[in-house]
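Engineer: Each chain, letter by letter, is given below.
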Amino acid sequence: MPNHTLVNNIDHKDTKINTERSAAYGDDIWFTQTFPAEYRSVQAYYPIFFTKDENTGRFFSVALFGFQQNENLFIKDNRWSVPYIPLTHARTPFLIGEQALMEDGIEKHQRVLFLDEDHPRVNTEQGEPLFLEFGANAPYLESMADMMEVLHHGIEDHNAFIDMLVELELLESFTLDVELNDRSQHQMLGFYTINEDKLAALSSEVIAKLHQNGHLQAIYMTLASQSNVTRLIQLKNAQLGL
Amino acid sequence: MDNLINRVIIVGGGSAGWLTACILAAELDLSNSNYTVTLVESSDINPIGVGEGTWPTMRATLKKIGISENEFINCCDASFKQGSQFNDWQGRTSTNPVYSQDSYIHPFTVPVEFQNINLAPHWQPYSEQVCFADAVSTQSVLAKQGKAPKLITSPEYSFIGNYGYHLDAGKFSGLLKKHAINKLNVKHVIDNVTEIHNDDSGFINHIETEKNGAIAGDIFVDCTGFASLLIGKHYNIDFINKQDQLFNNTAIAIQTPYDDPNQDIASCTLSTAQTNGWIWDIGLQSRRGVGHVFSSDHTTTDAAEIQLRQYLTPTIGIKQAEALPARTINFTPGYREKFWHNNCLAIGMSAGFIEPLEASALALIEQSANFLAEQFPKNRAIMPIIAKRYNQTTSQHWTQIIEFLKLHYVLTKRTDSQYWLDNVDPKSMPDSLIENLELWQHQYPYRLDQAGYNPLFPAASYQYVMFGMGFKSNPIAKRQDKQIEQRAQQLFNENRLRTQQQSAVLTSNRDLLNKVKKFGFAKI
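Sequence lines, in order, name chains G and D. Just so you know, the first sequence maps onto residues 0 to 241 in numbering that gives the first Met the number 0. Just so you know, the second sequence maps onto residues 0 to 523 in numbering that gives the first Met the number 0.
Heads up, some of the hints might be wrong.
Claimed, not checked - A few chain G residues facing chain D, derived, Cβ under 8 Å:
(1) Glu-53
(2) Phe-58
(3) Pro-92
(4) Met-163
Said to hold, decoys possible - Derived contacts from chain D toward chain G, CB cut-off under 7 Å, selection only:
(5) Ile-151
(6) Gln-306
(7) Phe-518
(8) Ala-521
(9) Ile-523
To be clear, the hints were calculated from the coordinates, so they are not data collected in a lab. Note that the Cβ used here is the ideal one computed from N, Cα and C, for glycine as well.
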């Protein structure tokens with residue numbers, strides 16, 4: 000059972016979050032979800048592809064960290080080797096939740112921050128404190144709260160982006176063939192990318208609409224990000240000493 | 000100039016009429032051609048609505064006519080069908096746990112590597128340890144576990160285990176009708192046909208209707224069901240009665256809604272043998288359709304109805320089992336001597352009808368409509384050639400269906416009624432079946448048996464039914480090829496492993512159908 004509690008300065012007075020990066024803290028993931036609002040930062044380091052949620056079959060975009068399960072080529076010496084970590088992963092161990100409250104007799108909903116108490120990052124010894132001595136939010140917590148706001152809106156926009164890609168049938172499946180320096184061949188299945196022929200064939204009306212809501216830029220960011228596959232291959236070769 | 004074939008008139012709605020209309024309209028690309036397809040149906044006739052099971056071919060058919068699988072599943076109360084499960088057909092009891100239940104599955108997936116290797120002889124030495132279907136495919140085991148044939152991440156119409164559908168036939172023809180009219184430019188006329196008029200050469204020139212007057216066409220498709228207005232009443236094409244081989248001629252059907260909307264849904268059509276026939280049991284999303292099909296020469300409708308209600312009692316309780324309304328359908332098993340005469344062809348029950356033991360009704364409609372669509376005659380001069388071939392192919396199909404259905408009966412050990420005794424009497428068997436059974440005493444059914452034509456049932460189906468019924472070949476001794484033997488063992492091992500892997504990832508039918516409703520399959 001997940002143990003999620005509302006972040007507050009009484010229960011979490013002494014709570015610290017360990018920000019080291021390693022498999023022990025759940026950083027051994029080979030991809031994480033990303034969304035258009037952070038594509039600009041993500042495409043600087045990671046390939047962006049699309050895959051399907053195994054429970055719903057719905058597409059979502061991912062930033063790729065490795066070529067197989069549990070392989071994160073960006074983790075080195077307990078550190079993440081590039082400056083930007085996609086927010087869906089950087090947020091751990093925090094979660095966003097909704098709380099209903101009454102204000103002037105009207106029920107309102109506000110977003111609140113939850114903490115996964117069982118997450119290995121959560122402790123009282125090491126890392127970033129959540130609260131200052133007299134109970135005020137620590138800068139780390141403030142930055143996490145801001146991050147969760149961006150994430151919330153980013154995912155909403157992401158879902159609209161995906162709906163558009165599906166409706167215009169702009170996604171196509173592809174097989175990523177990787178050859179390492181030792182000539183070994185590796186194949187990755189189950190990923191999708193933008194079909195550039197279909198993109199090129201869109202009418203100017205559709206293109207204008209995509210431009211207005213920022214989705215055209217997002218599409219090109221994902222295309223540009225593909226060159227980062229080369230970087231991943233380099234990292235893999237380096238890791239294997241090839 | 001009059002000789003060009005442009006105007007298709009389909010008489011009769013229902014699954015046959017609308018499916019034919021959709022297949023023709025999609026292939027002939029009506030919006031970009033001179034072709035027209037007009038469907039004339041009476042408002043007075045209720046379609047009989049049999050054929051609630053399809054073959055895997057239906058996936059390709061739906062895709063071709065441009066219906067999304069999500070829409071189809073949601074509109075037609077449809078579920079996934081992975082084959083047929085035959086209970087109580089063998090009439091034998093065994094203490095071997097592999098065969099303790101009198102039950103076998105004929106799955107839609109052919110044995111692994113079927114095109115390259117005949118696994119039957121390699122399986123037979125192990126027949127006491129594992130039943131044939133479980134040894135050569137993953138599907139029979141997965142179907143027994145109630146697993147779905149694919150994942151929510153599988154694209155529309157793609158599969159892990161080959162599948163067709165169980166569907167609500169009334170809703171299905173409704174969906175096809177909407178699609179034909181709105182998307183495929185099929186003209187729809189609601190009217191009663193009063194007369195049929197030939198031209199001088201004996202070809203149909205036009206049909207006369209009550210309100211819309213004369214409707215002329217170049218080719219006419221008879222989809223009027225048992226009424227058989229064109230091929231039967233108008234042209235008097237002979238009907239070949241096959242009741243001496245397949246005795247069943249009456250069906251009693253009952254629909255029973257689920258108490259619990261999340262009730263498990265069986266992966267196969269269940270077919271349970273009775274004393275004078277068998278009971279089908281088909282699980283849709285919201286209800287089961289069950290029916291007893293039997294021989295009225297061997298029992299009475301009242302007795303058959305009592306058996307049907309007794310069959311239902313353990314699952315729905317005696318109260319409901321007694322109360323649900325039943326519908327009786329009488330039919331003569333058989334088919335027309337000809338299916339295409341002059342410029343008229345019969346598709347659906349006007350062409351023939353047989354007990355739904357292997358759910359061949361909709362499959363035959365697809366076959367026929369696809370033949371017509373792909374071989375569509377350009378003009379009258381070419382028509383006789385195409386008609387001749389159509390008649391040959393369709394006759395072959397009917398002959399094979401009858402032979403294959405009869406195969407289900409002839410290997411039984413049941414002796415509990417005259418019905419089963421009569422069924423194993425060689426006098427009731429087609430000659431081709433007697434020949435094949437003779438042959439299969441000494442060799443295993445495989446591709447060569449069916450050389451020379453495109454069979455409706457592949458040799459794989461014969462293997463599943465024969466070995467399911469406990470048949471054993473006693474082949475002549477041949478040189479043992481070590482490599483092939485090793486390959487067979489490897490395939491058996493891989494199949495066992497694959498079965499476990501698939502079982503681990505696949506969910507139940509109900510679970511997947513709920514996800515289809517909520518999320519849908521992606522197109523890719």
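Engineer: Run every hint past the structure and note whether it holds.
Structural biologist: Cross-check of the supplied hints:
Interface restraint check for Glu-53(G): the shortest CB-CB distance to chain D comes to about 6 Å, inside 8 Å, so the restraint holds. Interface restraint check for Phe-58(G): the shortest CB-CB distance to chain D comes to about 7 Å, inside 8 Å, so the restraint holds. Taking 8 Å as the C-beta cut-off, the interface hint given for Pro-92(G) is violated, the closest approach to chain D being about 28 Å. With a cut of 8 Å, the hint placing Met-163(G) at the interface with chain D is violated, because the nearest CB-to-CB distance is about 14 Å.
Because the beta carbon of Ile-151(D) sits about 4 Å from the nearest beta carbon in chain G, less than 7 Å, this interface hint is met. At about 43 Å, the closest approach between the beta carbon of Gln-306(D) and any beta carbon in chain G exceeds 7 Å, and the interface hint on this residue is violated. Residue-level restraint check for Phe-518(D) holds (minimum Cβ-Cβ distance to chain G is 4 Å; threshold 7 Å). A least Cβ separation of about 6 Å between Ala-521(D) and chain G falls short of the 7 Å threshold, and the interface hint therefore holds.
With a least beta-carbon distance of about 6 Å to chain G, the hint placing Ile-523(D) at the interface is held under the 7 Å criterion.
In summary, the numbered hints that this structure violates are 3, 4, 6.
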